Structure formats: structure tokens, C-alpha cells
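Since the structure of chain Y is provided, determine the placement of chain D on it from the hints.
These protein sequence lines map, in sequence, to chains Y and D. Once you know that position 752 of the first sequence is 752 in my numbering, the rest is easy, because the numbers rise by one and skip nothing. Heads up, my numbering is the position in the second sequence plus 792, with the first residue counted as 1.
Treat the hints as calculated values from the structure; they're not laboratory data.
Cut-off 25 Å, straight-line C-alpha distance, at most; resulting in silico cross-link-like pairs (DSS-like, lysine-lysine):
no., chain 1, residue 1, chain 2, residue 2
1, Y, Lys-21, D, Lys-804
2, Y, Lys-21, D, Lys-863
3, Y, Lys-21, D, Lys-807
4, D, Lys-875, Y, Lys-12
5, Y, Lys-21, D, Lys-875
6, D, Lys-910, D, Lys-875
7, Y, Lys-21, D, Lys-944
8, Y, Lys-125, D, Lys-795
9, D, Lys-884, Y, Lys-21
10, Y, Lys-12, D, Lys-872
11, Y, Lys-21, D, Lys-847
12, D, Lys-885, Y, Lys-21
13, Y, Lys-12, D, Lys-944
14, D, Lys-872, Y, Lys-21
15, D, Lys-807, Y, Lys-125
16, Y, Lys-661, D, Lys-939
17, D, Lys-885, Y, Lys-12
18, D, Lys-884, Y, Lys-12
19, Y, Lys-658, D, Lys-939
20, D, Lys-803, Y, Lys-21
21, Y, Lys-385, Y, Lys-179
22, Y, Lys-12, D, Lys-939
From a predicted model like this one, the values you see are computed outputs, not experimental measurements.
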Amino acid sequence: MASLVGSRVERKEDTRFLQGKGRYTADINIANQTYAVFVRSPHARAKIKSVDTSKALKSSGVVGVLTGKEIAEDKIGGLIAGWAIRSEDGSEMKVPANPPLAKDIANFVGEPIAVVFAETLDEAKEGAEKVKVDYKVLKAVVDPAEAMKSDAIHDGVEKNLCYDWLLGDRKAVDEAFAKADKIIKVDLINNRLVPNAMEPRACVVDYNIASEEITLYTTSQNPHLSRLVMSAFGGVAPENKLRVVAPDVGGGFGSKINVYNEEIVCSWASKKIERPIKWVAERTESFLTDTHGRDHVTHAELAVTNDGKFLGFKNETIANLGAYARVFGTVTPTYLFGPCATGVYVIPAAYSNVKAVYTNTAPVDAYRGAGRPEATYTIERLVEKAAMELGMDKTEIRMKNFPTQFPFKQTLVHTVDSGDYVAGLEKAKQMADYAGFESRRKQSEANGKLRGIGVSSYFEACGIAPSAAVMSLGCGVGLWESAEVRFNPTGQISVFTGAHSHGQSHDTTFAQIAADELGVPMENIDVVHGDTDKGTFGMGTYGSRSLTVGGIAIVNACKKIVAKGKRVAAKMLEVNEDEIEFKDGEFVALKSNKKKTIGEVAFACYLPGQRDEMKSPIPEGDEPGLIESSFFDPANFSFPAGSHICEVEIDPDTGNVKVEKYTAVDDFGRIVNPMIVEGQVHGGIAQGIGQALHENTQYDETGQLMTASYMDYTMPRADNFPEFNLGFTCTHATSNPLGVKGCGEAGAIASPPTVMNAVIDALGGQEISMPATAEKVWKACKSMKKSNAKAA
Amino acid sequence: MTKVTLEVNGKKVSKEVPDHTLLSVFLRDNLNLTGTHVGCDTSQCGACVVHVNGKSIKSCSTLAADVEGSKVTTIEGLAKDGKLHPMQAAFKKTHGLQCGYCTPGMVMSAVDLLQTKKNPSDQEIREWLEGNICRCTGYQNIVAAVKEAATKM
Numbered sequence: 001m002a003s004l005v006g007s008r009v010e011r012k013e014d015t016r017f018l019q020g021k022g023r024y025t026a027d028i029n030i031a032n033q034t035y036a037v038f039v040r041s042p043h044a045r046a047k048i049k050s051v052d053t054s055k056a057l058k059s060s061g062v063v064g065v066l067t068g069k070e071i072a073e074d075k076i077g078g079l080i081a082g083w084a085i086r087s088e089d090g091s092e093m094k095v096p097a098n099p100p101l102a103k104d105i106a107n108f109v110g111e112p113i114a115v116v117f118a119e120t121l122d123e124a125k126e127g128a129e130k131v132k133v134d135y136k137v138l139k140a141v142v143d144p145a146e147a148m149k150s151d152a153i154h155d156g157v158e159k160n161l162c163y164d165w166l167l168g169d170r171k172a173v174d175e176a177f178a179k180a181d182k183i184i185k186v187d188l189i190n191n192r193l194v195p196n197a198m199e200p201r202a203c204v205v206d207y208n209i210a211s212e213e214i215t216l217y218t219t220s221q222n223p224h225l226s227r228l229v230m231s232a233f234g235g236v237a238p239e240n241k242l243r244v245v246a247p248d249v250g251g252g253f254g255s256k257i258n259v260y261n262e263e264i265v266c267s268w269a270s271k272k273i274e275r276p277i278k279w280v281a282e283r284t285e286s287f288l289t290d291t292h293g294r295d296h297v298t299h300a301e302l303a304v305t306n307d308g309k310f311l312g313f314k315n316e317t318i319a320n321l322g323a324y325a326r327v328f329g330t331v332t333p334t335y336l337f338g339p340c341a342t343g344v345y346v347i348p349a350a351y352s353n354v355k356a357v358y359t360n361t362a363p364v365d366a367y368r369g370a371g372r373p374e375a376t377y378t379i380e381r382l383v384e385k386a387a388m389e390l391g392m393d394k395t396e397i398r399m400k401n402f403p404t405q406f407p408f409k410q411t412l413v414h415t416v417d418s419g420d421y422v423a424g425l426e427k428a429k430q431m432a433d434y435a436g437f438e439s440r441r442k443q444s445e446a447n448g449k450l451r452g453i454g455v456s457s458y459f460e461a462c463g464i465a466p467s468a469a470v471m472s473l474g475c476g477v478g479l480w481e482s483a484e485v486r487f488n489p490t491g492q493i494s495v496f497t498g499a500h501s502h503g504q505s506h507d508t509t510f511a512q513i514a515a516d517e518l519g520v521p522m523e524n525i526d527v528v529h530g531d532t533d534k535g536t537f538g539m540g541t542y543g544s545r546s547l548t549v550g551g552i553a554i555v556n557a558c559k560k561i562v563a564k565g566k567r568v569a570a571k572m573l574e575v576n577e578d579e580i581e582f583k584d585g586e587f588v589a590l591k592s593n594k595k596k597t598i599g600e601v602a603f604a605c606y607l608p609g610q611r612d613e614m615k616s617p618i619p620e621g622d623e624p625g626l627i628e629s630s631f632f633d634p635a636n637f638s639f640p641a642g643s644h645i646c647e648v649e650i651d652p653d654t655g656n657v658k659v660e661k662y663t664a665v666d667d668f669g670r671i672v673n674p675m676i677v678e679g680q681v682h683g684g685i686a687q688g689i690g691q692a693l694h695e696n697t698q699y700d701e702t703g704q705l706m707t708a709s710y711m712d713y714t715m716p717r718a719d720n721f722p723e724f725n726l727g728f729t730c731t732h733a734t735s736n737p738l739g740v741k742g743c744g745e746a747g748a749i750a751s752p753p754t755v756m757n758a759v760i761d762a763l764g765g766q767e768i769s770m771p772a773t774a775e776k777v778w779k780a781c782k783s784m785k786k787s788n789a790k791a792a
Numbered sequence: 793m794t795k796v797t798l799e800v801n802g803k804k805v806s807k808e809v810p811d812h813t814l815l816s817v818f819l820r821d822n823l824n825l826t827g828t829h830v831g832c833d834t835s836q837c838g839a840c841v842v843h844v845n846g847k848s849i850k851s852c853s854t855l856a857a858d859v860e861g862s863k864v865t866t867i868e869g870l871a872k873d874g875k876l877h878p879m880q881a882a883f884k885k886t887h888g889l890q891c892g893y894c895t896p897g898m899v900m901s902a903v904d905l906l907q908t909k910k911n912p913s914d915q916e917i918r919e920w921l922e923g924n925i926c927r928c929t930g931y932q933n934i935v936a937a938v939k940e941a942a943t944k945m
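Next comes chain Y alone, as it looks inside the complex (with noise of 0.2 Å):
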């Protein structure tokens, strides 16, 4: 039977969805539904002096109207960070009470202050017009850089510091700096992104009197998680009565990895009024209230000899945490960001210091690459400065600082276990035409426009996973997923995974991964996962973890399920179990050649024994049916690497920059399906290109969003991209068993600097911060013209 890992088979989920008859969370409807609607601080940072609900109580069709008092009167816990980030100095981390309603202070632009629930939604958004808050408007602390200098937003929390945070060695540091013939500096702002899936958070609510359950559906990339959140830290309701269910979703990217307000909010209050409840946020909304990524401010320097080699690296960054830290919050800045800042690299002696602050915006959190794309960032655009101060080729002085030998113990934390980072550069090279760029740029030059070239080589720490390394890391928890194979009686199997799709392909590459160690057609196998009644706990999606960390448990079940067969089969042909090979979905006697198929196996598991045969094909020790489980907690991160070029067009009359070629070429380990990892490559590629040229979240001085609907905020489009030009290298991994490494972010972490270095070529080294638009890049071809004029 061909093998169906390293296949492009077309996906199981794409017939629902291209019909219309995808399930995602505002679909759902229960039968006597109230509708709510949030009402949300209009100001950044205001003391709520009075909340007065009596108007929209009398309002027509309300059905109630909850607020920050009643939530806190039912002591009901608020939203959480989820990493425990120690100082330098070894302090604890400055964590504020985050309620779900706010009760005495509002701290950011959105922020929920009651709630509306009636009968339809247009009365429950007229009942939320008639709630009057009485606000005290405080002065906002809106800008990252400035937070230390301004008043403290929290109660204990000085400076509005989160944490000062230190990995690696100043000394060493220092001694290398020492050394150093050229110091190469860089000053860097990573834009802050709105994660913008397409489908806006919802949640319907529906208490069962009877069975005192609530049943949540939501957005989420991680309903176990949600529900022990709501569970253990809200006391919403226990465990075994809190169902949560992430139906189909559409996109998270990290933005509904955590438990909102919202969804604590209307459990809470579904058993309170005792009605199902539905809230579908409006757009704007989101953008308001959906945790935001990136927002950093660097400043970081590399220290070279004059032939190129690095010696030493540091990085001081300002992270902008918003207003809460939130379940990834705290350790996408530090853990996430730190290690990876030194990058592909060699380089004997490194720090990262980050200063987290609390700022009136919306909370910061994880978002596609999480602290990856941010260190690639860093250290990226100090390699591209070096080689254009010591006039060095761009590849050369990257080859020349690439670890050779596997296991590579990078500078700060990470061993990485396999790679070829030579290789994947060369390859590129290849691909993209690298050593034509010359001519192509002369032709840009002859009708006026300028080119850039840019190259960016990345790592990443993925398959968020190894237990003992999270945790001791600062973790709340250990990070293993879990699986379970079920083989029903008729030959159909169910396989419940931990893991969540929103958009990853899981239905389709779970199934591919099931049928090759059962030996059945994908056809007989369905992927469960998203409801809390059905599978096993499992920690969700995240962190490019599906497949190196959820599909091994699928493999470790699986291969359990034929063990046991074997002893099964063994009985049932009269055979010792060593005589037993199991192929292609049979379990074959080797000496006599009688055989048994898994599904007679599965069968005989549940419907032992048949009438006039005594005995039982149960072997003694056995039990009956035919299920296995298995939680799977790898010893190491994954490590997917690889090396993106960029070619980019400016036209200096208009400024605007059109990316004539990209070319990227990954290694991911062994490829299950290449068809969808070259859509997780395209996807990611496309949001980092969003981020280097066309989207930011901005803030007024006053903390109020200027960017949050899709007419203010660039959302990149189908006409901002060239064709993407893919090419693979292949390490396996050696932490998991199929040899698998990740590839949700790896786009969306290489692309930024790849695109902002080819943007910095074309304008000759002239500095520009992204996003790179059309009025930053005319503004900078005008000062380029300047001072070619003066120079000549």
C-alpha cells in the first residue's frame, strides 16, 4: 500500500466548507436565545465612578443587565498570564487583576463594563445605550517607550514594569564587544498587528437547568484549555459542568488562544438569567478586544570583525504588553523572543534584555510567530547592516556565521538537534536567480525605479511542547498533547485529537497519518477534536505544535492499536504473537500465511467469541474493544529553519513598493501533506509582507484605536503579492518519531526582515521602520535624491 504521509491529498474539511455547510460559532442558535451586547469604556484609562443600569433595565425586550459589582459579588476570577516571567534581580513578575467586567478602573479602549441581554439583538444594543457609566478620565500611557517615565497604571505595579527580564551573560558580552572591529547598531520599532481572522469572536451560551451544564461554543483555538481556565481560575462553573466547544473556526493566528471576558461573562450569566445567550463581536469590536501581536521597541548591536565573523550580540527591548498580560502575554517577549534573537548564528557571547510594560491598549499577545518574527527582525537587519558596512556579500556573511555540526547548542537556551542551514541558503540562492540581481537592477535603473535585494536565514523554536523545558522556562503548565483511536466494531474509526483546526488541515493530515500506521483508507477515518465532551483533555493550537506534538500522540495510539491486535490476531490464528507481522492493514501468520485484517481484528475485540466456539479471541490479561490512547511529551522544541530572498521594486515618484519576487525555501523535516504545508509557507509569507509593508495598529496620544475597522487598518490583498516561489530542504527531526518539525509560522517569521532589507537595498541603506508605505519610502527617495545631489 503507497504511503499516504508525503502525499497531496486533497482535504476531507474542504467539502463542508466550499458549500456553505461549515459549522462555525455565530451559525449556531439555540431555541429561547437572548442576545448580548458589551458596553465597553470608551476612554483608555478612566476611574468608573458609577454605573446606572436602571434605564436600560425598563428598556424594551431586556432581559438583564449585569456589571463588574454583580461578577465580583459572585466571585467570579478574571482573565490570566499563563507564564511566570522573574526579573534580573529575581523578583516575580508584576501581574494586575484582570476582571472580566471592569468595576473600578477602565484601562483600555474597549474594555467590557456591563453587559445587555434581551430578546433580540437590535433591543440588546439599545438597552446597552441607555446604560450611563459615570467616568473619571485619567491621562493615558499610550506610548511603550514612555511607560516607565509615566504614571503607574496598576495598583503595585511601579513604572508600569512587568518584569526586566535577562538571559545570557553581560560580562561575556561585554569582553566580546571588547574585541570587536566594528560595532553594527540597529534601532528598531516591530509594528503592533491585529491578528484579524476572519471570523470575529463569538460565544452561545446554553445552561441546562436540569443537568446545571453550561455548554459554550467559542472561538477558540483551545477549548480544554478554555474550559480549565473558566473552571479553575473564573469558577464559572466545575469541570464536569462546563462543556466547551470550538466548532469550525474561522483563523486565530493566536488571537483566540485565550479565554475572554466575553466568554466568562455570558457562562456566567446564561446560568444567572437562566436563557442560552449569543454574542457575535462586530468588527470593531475585535480590533479592540482581540489581543494584538508584536509591539516592541529595540535597540540591539552586533559586534564583527573586519572579515565578518560575529563575536558578540545584545539586545535591549521595550515590550508592550497593553493593558493586562494575558495566557502567552508574558513569555512571548522573553522565552519566545530572546533565544531566537541570535538567530542561524555562531556567536560566542549574547544577551537579550526585555522591559515589559503595561500600557492603555489593548492586551499583546501571542500572534503567528509569536516573539519569533520579532527576534528574526532583530537580528536579521543587523546582519544585512553588517554586510553592507564591511561591504561584505549578504549570503557570504551569513554562510560564514552558520553552525556546520548537529547538534548545535545555540547561545542562549536551545539545543537544536538537526539542519542544514548551508544548504537551504544555497538553495535559495539558486531559486531566486540571486547571482542575476545586478543585471535585473540596472534594468530597474533604466526605467526609473529602484531595486533592493534582501535575505533573511531564520530559526525557530516550535512544536511548543517539552514539558520539563516549559516549566522550567516560568510555564503554568507542561504542554503534551493527547490522542485517542478509536476502532469501532464495523471498521470506522474515530480519532479524537487534543489538537484544534482553525484553518491547519487537521481532518485531512491526522487521517493521512492514522492510515498509514493502521493500514486502512483515509476514508474510514474521521479526525474529533474542538468539544471537551468528546476527546481526552488536550492543550490545543498553537505554536506550530499540531502535528510535531498532537500527531505523535495520534502515531503512539495508533501503534498501540496494533499491539494489541497482534496479540489478538496471534489467538485468533493459533500463532505465538512474534510470529505475527503486521502490513497493510493485516496481521499475517509468517509461517502458515493465514491472515487476519485489522478490521476482523476490531471486530472479534468487541464481539468476542462466536456460537458453537468456546473460545474467546480476547487473549488472557486482555480486556475487550479496541481503544488506545496516548499523551506524547517530546524532549525537545522543533526547530524548523530556512533561508527567504526578496526582490522589491520602488517607484521613487509615488513611493510605492511592489515585491517583484519572493523565493523562499524551508526545511520543516519530513512533509506529511506538501500541498498544505506550501499553504501554511504562502499564508505566513503573506502576513509577514503585511507586516513589513502595509498593516499597523495605531493609537492616538489619548489611547483612543485609529485603525479598527478594515477601512483604516491595511489588510493586505490579493494585489499586493507576486507569485510566491517555494523550495524545501529536508532534516529530520529528531525529538519525534515521524521526523517532524512545524511550518504554521515559519512564513510569518522569515518574511518581515526578507522584504524591510530588500527595502532598505533599493533605498541604499537608508533606514525606514515598518510598515515601509508608499509616504515613508516617497519621503526617504526625496532624501536620497538630497543627498545624491549634495554628494555630487
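Relative to chain Y, chain D alone:
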């Protein structure tokens, strides 16, 4: 309240709805045709695209009453006799969708493109789809899907 009568996916429907009911709301809430999605409320993202009398429109910014008497086709009405429309089949073949949320609008918009222009160039496809935002695919396989469908339609 206004009585709105339409022919939706070949079936005549008639409902009494508030005057300000949007076509997207009419389809989703009154007819339970939840394949038409709403992604932005400001007619930017195109997840809500349906056909009215054969032409693509954004149903989130169209009043149901305004298209009284029209023939409306939604994503649910595209496949015939259990067989995917060539555009749907092409999206599947080229992996033109990931999370599936923008897909219904994207497919409806792309079908209208091929009705308007038989063999569009890559650039023409990209420009036509300017009003449909996808966050997952980077658009590359969507463009491939439209080209694939153009060979079949």
C-alpha cells in the same frame, strides 16, 4: 416591518422582517443559510458575497427589501445534483481555502469574474478579488483555483 419575497437558490421565499434587515441577516437568520458569512460589517472583506440576479454583491451592505423580487444565489445553491460547481472543485483541487471563513464569498466572487471574463490573467484575477480578504492563504492558491476553474467553465 416589511414583507420581502425573493427567489433564493431556486426556491421562492417570503418573510416579514424589520425594514432595516440586511440581506446577509435575512439569509442567515431568517432562512438559516449560514454559508454566507459576515466578517467586517463595512463591506470590505467580502465574506458575505452572494449573487443577485447573477451578479456578485456584498450582502452585508444591501437591504433585503432593496432586492425584493430578485433571484439570489448563495454558496449553498452553487453545487447541482450533489456535484460541486467547477469553481468549488477547483478550490478543493488547488487548496484554495484553509479556515473556510472567507471561502463562500471568495467562491461567489470568483464565479462572477469568470462570467464576466472567460480567461482572466493572474493580475486580472488578483485585481478582481481586491474586495475579498483572506487571512490564511496568501491568495496564491485562490488565484490558482480561478485559473483551474477557467479551464472547466
